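Engineer: Chains as they are written, first to last, in numbering that gives the first Met the number 0: chain Z, 0 to 330; chain U, 0 to 474; chain Y, 0 to 326.
Hints are computed from structural coordinates only; laboratory data are not their basis. These numbers were taken from a predicted model, which means no experiment stands behind them. Backbone N, C-alpha and C define an ideal beta-carbon position, used for all residues, glycine too. Check before you lean on any hint, since a few could be wrong.
Listed next, the in silico SDA-like pairs over lysine to any residue satisfying Cα-Cα at most 20 Å (straight line) [claimed, not checked]:
1. U:K264 <-> U:L341
2. Y:K254 <-> U:K264
3. Y:K254 <-> U:D325
4. U:K25 <-> Y:R261
5. Y:K136 <-> Z:D56
6. U:K25 <-> Y:K136
7. Z:K185 <-> Z:L47
Cβ-Cβ distance ranges computed for the label pairs, FRET-style [as the list claims (entries may be wrong)]:
8. Z:D194 <-> Y:E322: 42 to 48 Å
9. Z:A297 <-> U:G380: 39 to 45 Å
10. U:D71 <-> Y:D267: 34 to 40 Å
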Amino acid sequence: MTTSTSTGLITYREAMRTALAEALRDDERVFLMGEDIGRYGGTFAVTLGLIEEFGPDRVRDTPLAESGFVGAGIGAALGGMRPVVEVMTVNFALLALDQIINTAATLLHMSGGQFNVPVVIRMTTGAGRQLAAQHSHSFEGWFAHVPGMRVLAPATVEDARWMLRPAIDDPDPVIIVEHGTLYGAKGDPGSGPVDIDHAAVRRPGSDITLITYGGTLPMTLEAAEALAADGIDAEVIDLRTLRPLDEATFLESVARTHRAVVVDEGWRSGSLAAEISARITEGCFYDLDAPVGRVCSAEVPMPYAAHMETAARPSVDQVVAAAREAVAGGG
Amino acid sequence: MPSLGADMDSGTLLEWKVAVGDTVAKGDIVAVVDTEKSDIEVETFHAGVITELLVEEGTEVEVGTPLAVIDDGAAPAPPAETHPEPEPAVEPTPEPEPEPAAEPAPQAGDAAERPPVVHSPIVRHLAEERGIDLSTVQGTGPGGAVTRRDLDAVAAPADRPAASTAASAPTTTPPRPTEDGSRVRSSPLARRRADELGVDLGSVTGSGPDGAVTIADVEAAAGELPTTPAPASPAPAPTPPPEEAATDRSATVRAATGRLMARSKREIPHYYLSTTIDLHDALEWLERTNRDRPVTERILPAALLLRAVVVALGDQPRLNGSWVDDELRTADRVDLGVGVALRGGGLIAPVIPAADTLGLVETMDALRGLVGRARSGRLKGSDLGEASVTVTNLGDQGVESVYGVIAPPQVAVVGFGAIGERPWAVEGMLTVRRVVTATLSADHRATDGHEGARFLSTLDQLLHEPDRLSEGTPS
Amino acid sequence: MAVADAGTRLEMLRDMVRIRTMEERCAELYTETKIRGFLHLYIGEEAVAVGVIHHLGPDDAVVGTYREHGHALVRGVSANSIMAEMFGRYEGCSKGRGGSMHLFDAATRFYGGNAIVGAGLPLAVGLALADKMQGRKAVTVCFFGEGAMAEGEFHESMNLAALWDLPVLFCCENNLYAMGTALDRSESVIDMALKAAGYAMPSWAVDGMDVDAVWDAAASATGAIRAGGGPQFLEMRTYRFRAHSMFDPERYRDKAEVAHWRERDPIDTFAARLRTEGILDDDTWAEITRDAEAEVDEAVAFAEAGTLEPIDQLTRWVTTDPEEATS
């Protein structure tokens, strides 16, 4: 499946596909299910070619029935399978919210610990591809709100390659959100494995902590480089796992740098960024030398026109400006 | 009265569907009850003969109240009721959660023995808004923290005279009001650090948004290098504690000084020079000058020495500046750090800004003001600026000479010991002269011994020609 | 119509009486505030659960609704653990975390206890998919009310099950009211079996007040499924005698209607039939009712004696303790 280049770099898409193929090969309980993942090859070509190797039972095309097939995935998980369900976008996943939240996330608790639900639900998220207001939003924060699930946001090729296996091994529901702009990104997949419990410091620094995840990691790293030119040494933290949040990592960092900016493509109101900001306030108020900054999407449904879409999303400039303000606020 | 819903606590008996003497079967409707939602029929779960109706129509009763007595004819025992087991209409009560261990209510009088209490931001805000001194409020929160309820209790005019008369204890964390009583805007970290360093927030000029005091401002004021990216040359030495401050305050001053000095000795290759200077001419000149001045405006020898240092630096500007990023940055003016010994111990070094623009009298005025403010704990923000060079004078401690440790990023510290009489040879004759030992500790990265020696030599010359120090600005 | 043997029929009568007796006591306990939350009683509909579940073996799975006490009991979940659950006790079948609407039992593959109308259907599809993919011959029975047939999840699930030819028995308990909204006020087509036929799924309407009829229809349906015939649909025409939940003034239906249906009480009519056929006599009836009362008495005593889970266990079962994973 994988077309490794001579440099050893592969795309995020290839990394994900390699991981899926490996899971199908290694574990006969694993099967894939979703809209157009089989003969069509996957809306974003992540599953391209898998039906040829594993057949239509294990690379199972579904009708357009998100609640139905996500629920079927949950039921199959209860029945001993290890389904990896693909929902085309996080917007479409709203049609399956009932199954994800009222069933998958609650069944273990409602049943007094009797029925755990080892299902993996993958979905794309985010803007940047001019797909407008019904394919471009970032609702991962909503999932991260719910106890009983794990929410993963692989931001690097390495995480795309290696997060799937521990997600499948997790006895409880795991949501994997894949930012649509990342599929073509190239990187070194590494040799694995990776954990799905901890945030990662993607760039160490001492003056300010930039906290982000998923699709906004590349721009945040870019912003950190721009800040370095100003003499501001920014630490960049990739949350990786949005629930449960590894707050120890970012609290430790902020306690050291005394300043933080959270970059989150979700809307600012009631956002994951809000949660992180609140935890920083709770966890290291007396280490803060400036208010926690946030760079989020503008509070509009995502527009189609490219310049408007760009304006609506977090940008390098906004991250740099927010970081400068925090540092200035802190002397 | 049956419970007909999870949210039903009581109901009104609207209508009896049965009368005394009626025979009822299990499941029969016996009454209609008005709940908050609607009228609902009530069935009996027991068969028998109604012998008594206990609740009149139109009466509201709590859930669990017996409504009627049904004789099931089974036994002569007490008659069955609508609820044969009229147990209290409550769920088995879960064991109460253990009360959080009550913190002993803090006594106002023992405040000084307790660690500083941290109050929440809202409490601090409200206290300021209402003009309440938090140190006078008895807190019932965790660790004796004052809660909003405590504040409300204080604010209530009745029967709380204690609020204004309780013993005052230094509560460290709440930001101090400025002179006009408004709140000092400051970051949480700045407040915490100010407590550690014993810096009075009200005396610090904030550089953050709308003048907010930041960590850099506090550390600059305290003489510790900021950890922030903006390279700022701090003024040396921490601010004094208020007179009444507890010992832990001076301990934190001590700790801050210690860190700074350790860093200096670690990083700065010091070299040391000294010379003993005959002050005969200078002091005679000073005595003549002072004869015409009111006592309160007399010029002290210390001011003359400072003035001499400033003028001498004009010839050796490389001793006046800072070592930053592996290079010397000479300062374009002399911001003169002045070591001040505090009553009760401790040494600080507030700053006379642009001392090279001051004549001798102005230097004296500046020194007098600085020492007074330092010893009363009322240093101004401008007193805590960044020094370009420091003079330390241990003359009043009686020591002969002092070799200072440079406060980074400065590159020199000039020391003076006590002015004392010594046998002194002048033109081949032994005489007694008042002399002072001047020392120079300098950063070898910035200057070498040759430059240092020339500085001390110039200093010596100037003190033999006090007219050059008397007025005007140095060349 | 095929009829079960006499022993099975007596057992079915016994199970209906057990359900009825337990639930009558539940209503009483609710008014005494021993049971809280929502309490939905199955009284009047007992023939459906009993007639269907009598065809299931231990490998089969049951997915229920929030009106599931009867299904749980006849499936083999003990009255003790059901009652303790309603009392919120740790000894309950869901450890007190679920309550009346969320009875679960792994040992009998009883998957609840689902209180989102229609949400159990996709679950049943998935359970059947797992069985099929793993080559197991089990049947998954999914009970739901006719109200669920207005939900999108019903249609998505019917389509998936038929498309993938899955071993699911869809069992619609048509009691004519979705809470208080009558069928003809909520759905354009009120012939439920006809709706199911739209998915090319074998479907029948059944007299849900007659346990013999239910047993017979379920025999055919489960037999067809086990023979590889794919999903089947049964519309059980039944009636709930009591209010939707305890707090229900029943403004939406008149008493004459309820009285009319009560004449067709599934227990009374079945008992009378068995007497007529010489299968049931007074002694047996007395024994059945006495046993049922005794079972409930014991269950209430068990629940009363049950313990409250310590509050420090509050966040247990949010995520799985790896040693407890069952799926």
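Engineer: Run every hint past the structure and note whether it holds.
Structural biologist: Here's how the hints hold up against the structure:
no.	hint	verdict
1	U:K264 <-> U:L341	violated, 24 Å
2	Y:K254 <-> U:K264	violated, 97 Å
3	Y:K254 <-> U:D325	violated, 97 Å
4	U:K25 <-> Y:R261	holds, 15 Å
5	Y:K136 <-> Z:D56	holds, 18 Å
6	U:K25 <-> Y:K136	violated, 46 Å
7	Z:K185 <-> Z:L47	holds, 18 Å
8	Z:D194 <-> Y:E322: 42 to 48 Å	violated, 20 Å
9	Z:A297 <-> U:G380: 39 to 45 Å	holds, 40 Å
10	U:D71 <-> Y:D267: 34 to 40 Å	violated, 23 Å
Against the hints set out earlier in the document, violations occur for numbers 1, 2, 3, 6, 8 and 10.
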